[in-house]
Every structure is written in C-alpha cells, then in structure tokens.
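J.: Each chain is listed here by its residues.
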Amino acid sequence: MPAVQETVEQVRSIDVDQYKYGFFTDIESEKAPKGLTEDTVRFISAKKNEPEWLLEWRLDAFRRWQTMQEPEWARVSYPPIDYQDLYYYSAPKAKEGPKSIDDIDPEILATYEKLGIPLRERDALLGIESTGGTRVAVDAVFDSVSVATTFKEELARAGVIFMPISEAVREHPELVRKYLGSVVPVTDNYFATLNSAVFSDGSFVYVPKGVRCPMELSTYFRINERNTGQFERTLIIADEGAYVSYLEGCTAPMRDENQLHAAVVELVTLDDAEIKYSTVQNWYPGDKDGKGGIYNFVTKRGDCRGARSKISWTQVETGSAITWKYPSCILRGDESRGEFYSIAISNGRQQVDSGTKMIHLGKNTTSRIISKGIAAGYSDNTYRGLVTAHRKATGARNFTNCDSLLIGDKCGAHTVPYIESKNASAQFEHEATTSKISEDQMFYCRQRGLSDEEATALIVNGFVKDVLQQLPMEFAVEAQKLISVSLEGSVG
Amino acid sequence: MAMLDIDNLHAKIEGEDGKEILKGLSLKVNPGEVHAIMGPNGSGKSTLSYILAGKEDYEVTDGAVTLDGEDLLAMEIDERAAKGVFLAFQYPIEVPGVATMTFLRAALNAQRRTRGEEEVSTPDFLRLVREKAGALGISQDMLKRGVNVGFSGGEKKRMEILQMAILEPKLCILDETDSGLDIDALKIVSEGVNALRSPDRGMIVITHYQRLLNHIVPDFVHVMNKGRIVRSGGKDLALELEANGYAEYQQDAA
Ligand SMILES: Nc1ncnc2c1ncn2[C@@H]1O[C@H](COP(=O)(O)OP(=O)(O)OP(=O)(O)O)[C@@H](O)[C@H]1O
Ligand SMILES: [Mg+2]
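Protein chains in written order, with this note's numbering: chain A, 1 to 492; chain B, 1 to 254.
Misleading hints may appear alongside valid ones.
Said to hold, decoys possible - When the alpha-carbon atoms are kept at most 16 angstroms apart in a straight line, the in silico EDC-like pairs for lysine to aspartate or glutamate are as follows: (1) A:Lys357 <-> A:Glu339; (2) B:Lys55 <-> B:Glu14; (3) A:Lys410 <-> A:Asp380; (4) B:Lys170 <-> B:Glu33; (5) B:Lys55 <-> A:Asp239; (6) B:Lys83 <-> B:Glu168; (7) A:Lys436 <-> B:Glu94; (8) B:Lys55 <-> A:Asp452; (9) B:Lys144 <-> A:Asp466; (10) B:Lys55 <-> A:Glu439; (11) A:Lys209 <-> A:Asp271; (12) A:Lys178 <-> A:Asp239; (13) A:Lys47 <-> A:Glu167.
Claimed, not checked - Example chain B residues on the side facing chain A (calculated, C-beta under 10 angstroms, incomplete): (14) Tyr50; (15) Arg80; (16) Ala82; (17) Pro92; (18) Leu104; (19) Asn109; (20) Arg112; (21) Thr114; (22) Asp124; (23) Leu128; (24) Gly146; (25) Gln163; (26) Leu167.
Hint data in this document are derived by calculation from the structure and do not stem from the laboratory.
The beta-carbon is built from N, C-alpha and C at its ideal position, and this holds for glycine as well.
All chains should be modelled from the sequences, with the hints used to inform the complete structure.
T.: Laid out in structure tokens, this is it:
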C-alpha cells in the first residue's frame, strides 16, 4: 500500500518528459583513442594489468568479431552504428587509484549520492536504520571502471568474494579463468563477442559452498562520458548449496547522440545453489522525438549446472532507446529450475525486443516465464521467447504467461514465442493476452477521485503486480516509481 | 439555491449522428433529500448519472447543471468526485491486480489532496475501513482482492456502498444498487445507505423496484421516460407505478 501511495505521489511531482538521472558529471577522464583496433584491445588489457591469457582471450574475440555480422532479426530498427566512432575505454582520472572511499573523487561520490546510491558504508548503514530495510553491498561502475565496492570486508568474512572483475582477474585468476566465457562463449553473438574483446569492468561474485550471502549485492552502472560505449562483464558463481540475491541498476546522462551498451552477464549455479538476479534498467530512453538514448544490446545467461539448482531473472526495463535483451537459463542439472519475470515498458519512440530462453537439458527441469509488456506513445514492444526441451529432458515443464497492455493507439505490442520439444514427456503451457487500459476503468477510477495519471499508474501497477512481487522490497518501490515516471505524458 | 440544479438538460451520444438521449431534463436536489428515479429500460437513467459524473461519451447540447452554484459540467471527472459527486455504478468495473484496500486509500487521499486536506494516516484509515466494512458484511479477505475481480454481483454492489461510506460524498447517485442483491443483502445495503442519510447530503436513487424504496424511503419519486422527467410525486408514486406500470407515461410521451 505505501508503495502505491508513493507511485501516486511520484506521478504528481514530476514534470512530463523528465528523465531525472539525465545530469552529466563534469570530471576529467582518461580515454583510449577513439575507434577499435587490436591496439585498443591491448590498451584496455594493459590499463587493467591483465595477465597474458586474458589478453589472448580478448584478441581472439576481437579477431572473431571482425568476421561477424550485426544481427538483424530483432524487431528493432536503428541507423548503422559506426564502431570506429566510439571510445571503448573511459575512466575518471584518479591520482593513484582510490584506496578507500575517502580517496574517491568527491564529484563521483556526489553523482552516486544524487542517484540515491550510498557509497559510504556509514551512510548505507544510516539509510538502513531509517528505512528498516535490509543491507545492500554496492559495486559502483562509472563508465569503464569500478569506483567503489562497499561491505567488502564483511562479505569476505562470510567467504563471499564481491569485487570488480578487473580485480578478480588478478586476485582470483583460477576462478575467473574457469568460469569466464563458460556460459556465454566468446562467439555467442555479435555483441557478446564485441564485449569479450573490449569489456572494461563489471562485478565478480563467488559464493562458496553452503553459504547464504548475508546481504543483497548490487552493481550500479553509470555511463557518463560522451561517445563512450559501456561494455561491462558480470560473472556470478554460486557454489554447491549457496544462495545470493543480486541487483543491478543503471542510468545515463541525457544526450542527443545514441550511446552503446553491450554487456555480458554470466551466472553459474552448482548443485542446490540459487541465484536471484534483479535488474532495474533505466538508461536514458531518448527524448520524445526519439533523439538520443542508449542502445542496450545485452547478453545475459544463467547456467544451472548443478542438480536442483535455480536461477531466477527479474527485470524491470524502462529505459534505453533500443533494448535487445534475452536473459536465459540453461537447465542442465536434473530438477533444476529457471524463472524469468519481466516488466518491459516502452514510451515515446522506444523500441523493446526482449524475452527469454529456457533450454531444458536435464530431467524434470522446470521453468516459468511471466512477462508483462506495456507500450505507450509511439513505441514498439516485442516479447520474444524460446522454450526448448532436449531429447533427454524427460519430464521438463514450462509455464509461460505473456500479457501486453497498450496505452493509446499509436504503439504496438507483439508476442513471438518459439517452442521446440524433442522429448514427448515435456509439458509446455503458453498463455498470452493483449489488452488496453479500458475507458471504463479510467472512468471508474477517476470517478473515485484519481487524476488521469494517478489512474493510469494504478491500473498499470495492478497489471504488473505479479512481477513486482518478485523484486526485493526496496527495489519494488523503486521500480514502481520508475513505472509511473516512464509513463509520464502517455495519457490524455 | 438547490445543491444540485439540473436545468433543461439535453444530451446526445458523442459523434456526428449521435442520438439524443436526454431531452430537456430538470431536477433539483437539496441537501438532506432523497430522490428516487424510476422509469422504463432505456429511458436514460444511467445516462443521466454518467453525465453528472462526467463520462466522456456524451455531449451536452443544451441546459445547465450546477452543484452549489458552480458549473458542474465544466469540471473534470476527478474534480467532481472531490467536490462530492459519487456514482454507485450499475455495473461496477474490475481493476485487476489493485487490492481493494489500496484502491480505497488511493481514492480517499486523492480527493483529500484535491480539496487541500491532509492525507489520512494508516491507522486511521484501517480503523475506518474495518468499521465500515464490518457493517456491510465485507470480510478483510475481500478487501485484499483486486477491485471487483471475481466478486459476485451482490458483492460488487456492497463494495460500491463501502466506497461511498468511506468517501463521504455530498451527492450520492445510486444506479440500480438493488439489482443482483438477495433479500438479506438488500437489507444490509439499504441500512448502509440509510446510515449515510444526513442533512448535508443529497441522494438520487435509481431503481426499478418499489421494494428498495420500502427500505430507503424517498422524499420524492420521479418518473423518467424518453429522456425527461414526466411526473414527480411523493413516496406513494412508487406504489402507484408498481401497480400500474409505465403504460400511461409512454402514451403521454408519444
Ligand atoms: N454510449 C452509448 N452508445 C449508444 N447508445 C447509448 C449509449 N449510452 C446509452 N445509450 C442508449 O441510450 C438509451 C438510454 O440508456 P440508459 O442506459 O441511460 O437507460 P436506462 O434508463 O439506464 O436503462 P436501464 O433501466 O435498462 O438501466 C438507450 O437506448 C441506450 O441504448
Ligand atoms: Mg441503467
């Protein structure tokens, strides 16, 4: 109830067309020369003091990428990207490299403060006392580098490794080497291959056997610099019987030109382990005429490698000019389970092509997909899903429910489900609906005193409730606000 | 000056060749009064209630409506609600995924904000709902369910009265609140409505049946036919209608 209340308040307090994270932090940065060549790859690797094997890995990816074609099958259209006109590395200039939070450039601290992300543990703790919420450890990635990771010591005491991946490469090379690229192979797809060549930073998490991570982990991505691609790489491993809940948030300044974001996220669960991965994606969506905004081309995949393990993706997608994203699960272990809960909202000229893949390989594997697409303005919103059962996936089961809600009549919603079963015992169920916010509903709500926008927010929140419930509490409130903000100006 | 003053109201369905439904309707409602409107199917009773509430499918072509002297027709739907216009729907609308409790609170606070009042505190709100829902025989469990989703016809009508009790409107318009109610529910709902009768509140009760008016005894009864009020009288007029039907008025109008 308070959350809805907040939504309603948020709607009232925000001007139409306002992306509130659109500010730019004026800070000196160090960049790689513009464009992408082998030298760029070497530059990035050298900047990060990487071992030889990783440089070779990157160069291999780069060579393969040069032979690949950008995919065109998604229901999105955009002018060709000039990959030579981008910066592939940008880092805030630091004197030495921050040793503690007090060494971080105050401009950056202020940036995260403005975004509502406390980087000082002291502040984080204060925040908790006042909200009564759970504690969240944060890894803050600013353009191409991680600028701070909180609660590292406390997590280390529990045996949990949570650090920038660039640091993990040096401190835990055996783990990184074993798992990097093991879920999303180097040549998986055009954008994943590009990422493998030039990835700059991201988070690394390892939760050892039998450990339940004592707090939520979170990475907050911020693209600041102009003409800079962000290519982060996240790798999370839950060893046998381990559990971790991980949250990802992202924003970017408002800019007239498009910016490229091509991330790769790999999750691995061993026997009886569980990873819950939640995203609230709020990249700059462009202005109302479709100028600017982030191109979000992301490869996210989880491998339920162990028996009875579980991976659950929850995403709230509100930002980006173009979203191309299919968080997926490979259900390899017997009785493993994959879940995908998604709210994808598009407004203005946004284009979303998102969904999931559930690949059933093991016996008695189960998966569940709940997708809520909301299209407003002139936007296009496509759900694309694939559910397959391998020959050996006896007893595989999937339940899919895709609902689309249209606001106005200039937008479009599409559902593209692919189902393939090579095992006769597999049971796949699929439900899909498309509806509009009815005038009767609006009239009813407004007759009770709600304004146009309050009524829309309430009806939309009702529509996405099943998915919002999957998010950790603090995020659910955040997401609910975002939903209202994203739909600003979509009514009337 | 009457609280609600409807003067020679003409309205048609929106659009080029929309049919005229209200054809010169006049009615005055003062605080404390209960007016029953009866009339054959299709005579325009629901249309009148929708136009008072501000539904956008109609176009007023002539006449005027004021609430406390203010031009009601110029106000937004939610503005009218905040000024105290409440419509208990003939067919209440479902809002899936929005708990009834959440809906009630959002509505109450929205109205209060529009009027420049403080929002209601959580404990006060819960107390208020518990009390009013209890009187109407509505369980806490039902309040957690989506607005009107899967409610029986009778449950929906009770819920409308609960909303009315919580929002405390100045002008209550009840459109066939008795349809779909069993005998016991009719009693409970009527008691709920009677509890809201007050010297500051006016009511328009639309019904087809005298039986409701045994419970909610009106001060005035009006017969509506073909978009007009064709006869007005006291509560006995309803008894007469029950006995004779509308044949007489339909001839008059022809
Ligand atoms: N949106 C609309 N579009 C077309 N016709 C309409 C619309 N609304 C009302 N009407 C017509 O206007 C007339 C009056 O309808 P209304 O619902 O007001 O009658 P009523 O007196 O409430 O009837 P009942 O007793 O059956 O509830 C009917 O002929 C109806 O079909
Ligand atoms: Mg009617």
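J.: Does each hint hold? Answer for all of them.
T.: Hints and how they fare:
no. : hint                  : result
1   : A:Lys357 <-> A:Glu339 : 10 angstroms, holds
2   : B:Lys55 <-> B:Glu14   : 11 angstroms, holds
3   : A:Lys410 <-> A:Asp380 : 9 angstroms, holds
4   : B:Lys170 <-> B:Glu33  : 11 angstroms, holds
5   : B:Lys55 <-> A:Asp239  : 59 angstroms, violated
6   : B:Lys83 <-> B:Glu168  : 11 angstroms, holds
7   : A:Lys436 <-> B:Glu94  : 13 angstroms, holds
8   : B:Lys55 <-> A:Asp452  : 13 angstroms, holds
9   : B:Lys144 <-> A:Asp466 : 14 angstroms, holds
10  : B:Lys55 <-> A:Glu439  : 9 angstroms, holds
11  : A:Lys209 <-> A:Asp271 : 10 angstroms, holds
12  : A:Lys178 <-> A:Asp239 : 13 angstroms, holds
13  : A:Lys47 <-> A:Glu167  : 12 angstroms, holds
14  : Tyr50                 : 8 angstroms, holds
15  : Arg80                 : 8 angstroms, holds
16  : Ala82                 : 6 angstroms, holds
17  : Pro92                 : 7 angstroms, holds
18  : Leu104                : 8 angstroms, holds
19  : Asn109                : 7 angstroms, holds
20  : Arg112                : 9 angstroms, holds
21  : Thr114                : 7 angstroms, holds
22  : Asp124                : 14 angstroms, violated
23  : Leu128                : 14 angstroms, violated
24  : Gly146                : 7 angstroms, holds
25  : Gln163                : 7 angstroms, holds
26  : Leu167                : 7 angstroms, holds
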